[in-house]
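Each chain sits in its own coordinate frame; assemble them with the hints.
Here the protein sequences come in this chain order: P and C.
Heads up, the first sequence is in our numbering, so the first residue is 259 and it goes up one at a time.
Heads up, the second sequence is in our numbering, so the first residue is 149 and it goes up one at a time.
Bear in mind the hints are in silico, worked out from the structure with no lab data behind them.
Values in this document were obtained by computation on a predicted structure and should not be read as measured data.
It is possible that some hints are incorrect.
Calculated from the model, a selection of chain C residues having no Cβ within reach of chain P, i.e. all distances over 10 Å [to be verified]:
(1) ALA210
(2) LEU300
(3) GLN327
(4) LEU418
Anything over 12 Å on all C-beta distances counts as not near chain P; from chain C, calculated [unchecked claim]:
(5) LEU245
(6) GLY248
(7) ALA324
Interface residues of chain C toward chain P, partial, derived using beta-carbon atoms under 7 Å [stated by the list, open to error]:
(8) ALA241
(9) THR260
(10) ALA369
(11) ALA401
(12) LEU404
Backbone N, C-alpha and C fix where the C-beta goes; we use that ideal spot for every residue, glycine too.
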Amino acid sequence: MSTSLTTLLRKAGAAEIAVIVIIAAAFAVPVLTANPLAYSLTNQILIAATASFSVYIMLRMNLMTFAVPTFMAIGGYTSAICGLNYGMTDVIVIGLLCFFIPALFALPIGALVLRLRGVYFVLVTFVLTEITQLLLFETPTLTGGSNGLIGMPALTFFGVSLADNRAVVQTTIGLALVAAIVTAVVTRVFRQQFAGIEENEMLSQSLGLVVWHYKAFGFVIAGGVSGLAGFALVNMLLTAHPTSFAPLSSVNFIAYAFIGGQASILGPLVGAGVLVWAAELFSLRGEYSQMLFGLLIVVVVLSARAGIVGTLFNLATLMKGRNQPLRLAATEERP
Amino acid sequence: MEGIISTGLIGISLGGQYALLALGFTLIFGILGVVNFAHGGFYVLGGYVAYSAVQFLGLPYALAVALAAASTAVLGFLFERLLLERVIDDHLATLMLTLGLYLMMSSGILATFGPESPAFDFPLQGVLRAGRLYLPLENIVVIGVCLTAIVLVYLVIYKTDFGRALRALADDRRVAMAQGMRPTLLFPLAFALATGLAGLTGALVTPILSLAPHVGDPVLAISFLVVILGGLGSIAGATIAAFAVGMVEAYSAVYLGGSKGALLLFVVVLIVLVIRPSGLMGQTAREA
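Looking at chain C on its own, in the form it has when it is part of the complex (with noise of 0.2 Å):
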């Protein structure tokens, strides 16, 4: 009984790591219509930014963390102010500029830091032990900080003005434009907040899975699953769904071992998609 408390410990970790991963990328579908591929790439770009920094600056961790997703924010912005805006209504443009970017900067980062994994290490060690219950203290941690963040993004998306405009935006864009609102400042900052969340996920979690030059494209592929599971730009299907994959990605990691659990979970997918094609919460996907 203890080991399934502690596995749904363990997957409520992971629901939050990928919660803020599916967050940044169904933001960036919801509000621009744009598919990320190099959402992959930020988060890798996070961890790298985070060891550098603890490793090179001495920074301490949590401000290590800080500087990744900022940065990662930074750079989400200029790239969508100076990039993306230019072929922002062509899906399969964009999809491809992404697609370079992300080349771009995984190989920039293999070109820097090599192919090895850096021995980055979270700062916090230890098991918190509550009778036979056994949990990592850094796992306590990423969903700390993760349920924070998407409580966050929920009250920016849904308590501000600049929120108010994102969601006016992604509704119709020509009425909000009418009313004053200004694509060319609120998709950059949309794109900017949505790639700092993957910044800071990557700087969060790389020291407790691993970093490496590639691990952007795993990522990736859970940031599918999770927005096709969630229904395309929906942020409550896609936090639904990202804690549900933690979920099933614990349990089956455990009880079946090996790469069963992710074919199990492509195929919970896929059986979502048969019996509800648009996802859980998703209304019109499939007319996307």
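Same shape as in the complex, but just chain P (with noise of 0.2 Å):
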């Protein structure tokens, strides 16, 4: 391997160079198979882990964010729009749009809400998803109110329509790429700044970090990332309806990246992988899939702190450890 090769490797971070290889992997799926379940599956995990990297950007600065559902909607509902009002169906200007839009409402509700620190921040994030989901309901004429948006014309990349199940698994893949790049660039270039916000605010400031702007900053691209995440979603379930976008399922989308792990950008989806299966799986239990999913949480939460990742990490390293004084060991003995 050549030195540049091995000094980019660095800089990037070998987590985020396995989320983007990983999820790159996954356009082989459509290849592969046309199982439905394979391709529900897919875009299932897929959307979850977009959100989830939206959850571990403000994480990065220890602000638990329940604004997800919010910027969800506002990039799946700009994409119904653009397609039903508009016309659209260009999937690189409506991802754009779908990325920048929510992205300029962040700016705002980021200048309100980013005041606040700690579980403050965390009620308040919650409160606006509730706003939103009943501004859903009472804007019917933009939104269409209780019955959602139907009927939006299919995609088109470079002019090929992206109308069936494969292509949209295609698109789904796509978007999560594009949002796992965004969010390990941010989380890369500014890791220094977001470690020093998490650890102490009150010094970064003192020592001269502008703590206001970094928090923006992620906020922001938290909200564009989100957006991407519902832009999936609805293009997935054919319609907008504000059902998809509960408050409630902000707590998922962190549960994702919590029993993930929340240190690392692989936690987000390694968490969305095991957790979005393991429904899947317990939905075979019906009513009780809920408790197992339930139970799942719980356990990983009193057996593996860390989550999943910070967890096989741990033990890598403890193996490593136990390794390095028997190699010494042996090195002494050696004659």
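Right, here's the structure in full:
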């Protein structure tokens, strides 16, 4: 491996590269199989992971956001309105709009909610999702109210229709890939600033860091990433409906990041993969599925505090540590 | 004019329920530092315990309500002592644990009782008339029980050694422990008090409103709203905010209709936050 490539990989970070590679590898799913369950799982996991990336960005600054469904709704309804009212179908144009319009909304909202920290921030962002839900129902001329918006034209990619199931999965994978790259770049480039804010906001500020800029930037990017998740969700469901953006769904996205492991970008992806797959598995048990899902959360919280990725990493470090003295001992015994 | 007064009385009734819920929620946060996502679940459980006690055991309604409060308190005690205590200092972990418990509780209720609302009616029916004023008797009972419970909670927190110990632990846990306070006993008791209040509210209110496995979701949202408005951890703030929310909800339901009232409520909360980010009586909310 050349030195420049090694330097690039080190700068990019192993976890970030792994996430991008895993999501890119998902493009193989629609090539290898036409199984509807595989398509459905891939769609659900990657939409969940995209939304969780948004949570992850804010967690880097020790802010737990419940506002993800708000920005997902803005992104999702943007895509539906673009198709229905303006006949726009180009996936790149709509994708850009679904990123930038929620990001634009995030700026004034951030000015309001980023004044708060800790649990207060949690509660206020939760209230924000409640307001969003009510607004979706109360503005029928724009959002279709309780009927939602249906009948959007199929997306196109350079004139090619993306109407069939395979194309829908490919669209979701593409959007998740963009979201992962954006998240990886932002959290790597501003790693130290975010870590400073996470560790001690006041101290960082006193040392000259303009904390507000980074928090606002993170919130705006998180809003944009959520918008992409909303776009993918509406494209998968073929409808934009208020119930798709329920306030309590934000809890799931936080759960994905937490159960997967909040210390690394791999966490949200692994958490979304495991929990969505588990929910699908549990759904065979009908009404007990939520119970099993809840039980899984309780078990992971009590037995693997660092999340799945963090625990595996800790175990690997432990094994490495155990092996180290053995190797030294073996060296010392050598004549 | 009579309509305005009658609506105000309904608002007080709503405010009393919200105050009981929010008191429990804010107690748990103020003393343990835990955001209890299962609070709505305890409310629903209280409703179903009271319903079962009346329907299957044939107990009188008053006894069923007491049983609901006691059983949710016991469950809360056990949950805090056996599970929550292990991760009590990790805010995110406690949030996840309470969320897991809520999912288990609501789906357990769903699996046991089914998705349909059971026929659970308030035992006292009728309307109290005073001139041209009308007020349902059930609302009067709710107001009476809620106000009594609120006063009792105040007495427990501010006038007993148990309450003083809880406030000491909330203030500075290390110093309180050095003085001999035992959080491993007091924290579960505080949690039990809060979940008991949620269960009591559920048993009292669900026969009037509705009883179904998922009615806890809006209850959680209302609890959030009230504690944000009142100031996190502030018992007085939560009580005042609860009655304010009850009033706004009652008047907006009558004069605006639909979900516009709820929307107005949330917008009012946002405006309050812009003017006073720590809520009505919160002091350290930004740092919470």
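**Request:** Verify the interface restraint on ALA241 of chain C: the C-beta must sit less than 7 Å from at least one C-beta of chain P.
**Result:** Holds: closest Cβ of chain P sits about 5 Å from ALA241 of chain C, inside 7 Å.
**Asked** Taking the minimum C-beta separation from GLY248 of chain C to chain P, is that value above 12 Å?
**Response** Non-interface label fails for GLY248 of chain C: nearest chain P Cβ at 4 Å, not farther than 12 Å.
**Request:** Against chain P, does LEU245 of chain C hold up as non-interface, every C-beta pair farther apart than 12 Å?
**Result:** Contrary to the label, LEU245 of chain C does not stay out of reach of chain P, its closest Cβ about 5 Å off (not over 12 Å).
**Request:** Grab the minimum beta-carbon distance between GLN327 of chain C and chain P and tell me whether it stays above 10 Å.
**Result:** holds, 27 Å
**Asked** How about LEU404 of chain C: closest beta carbon in chain P under 7 Å, or not?
**Response** At 11 Å from the nearest chain P Cβ, LEU404 of chain C fails the 7 Å test, so the hint is violated.
**Message:** The output says ALA210 of chain C does not contact chain P. Does that hold with a beta carbon cutoff of 10 Å?
**Reply:** holds, 32 Å
**Asked** With 7 Å as the cut and Cβ atoms as the points, is ALA401 of chain C at the interface with chain P?
**Response** violated, 14 Å
**Asked** Was the hint right that ALA369 of chain C lines chain P, CB cutoff 7 Å?
**Response** holds, 5 Å
**Message:** Minimum C-beta separation from LEU300 of chain C to chain P exceeding 10 Å: can you confirm that?
**Reply:** Since the minimum Cβ distance to chain P is about 27 Å, LEU300 of chain C lies beyond 10 Å and the statement holds.
**Distal placement of ALA324 of chain C relative to chain P, Cβ over 12 Å** = holds, 21 Å
**Prompt:** Since LEU418 of chain C was said not to touch the interface, does its Cβ keep a gap of more than 10 Å from each Cβ of chain P?
**Reply:** With a cut-off of 10 Å, LEU418 of chain C comes too close to chain P, as the shortest Cβ separation is near 7 Å.
**Request:** Under 7 Å, Cβ to Cβ, is where THR260 of chain C needs to be relative to chain P, so tell me if that hint holds or is violated.
**Result:** violated, 9 Å
Of the hints listed earlier, those the structure fails to meet are numbers 4, 5, 6, 9, 11, 12, in rising order.
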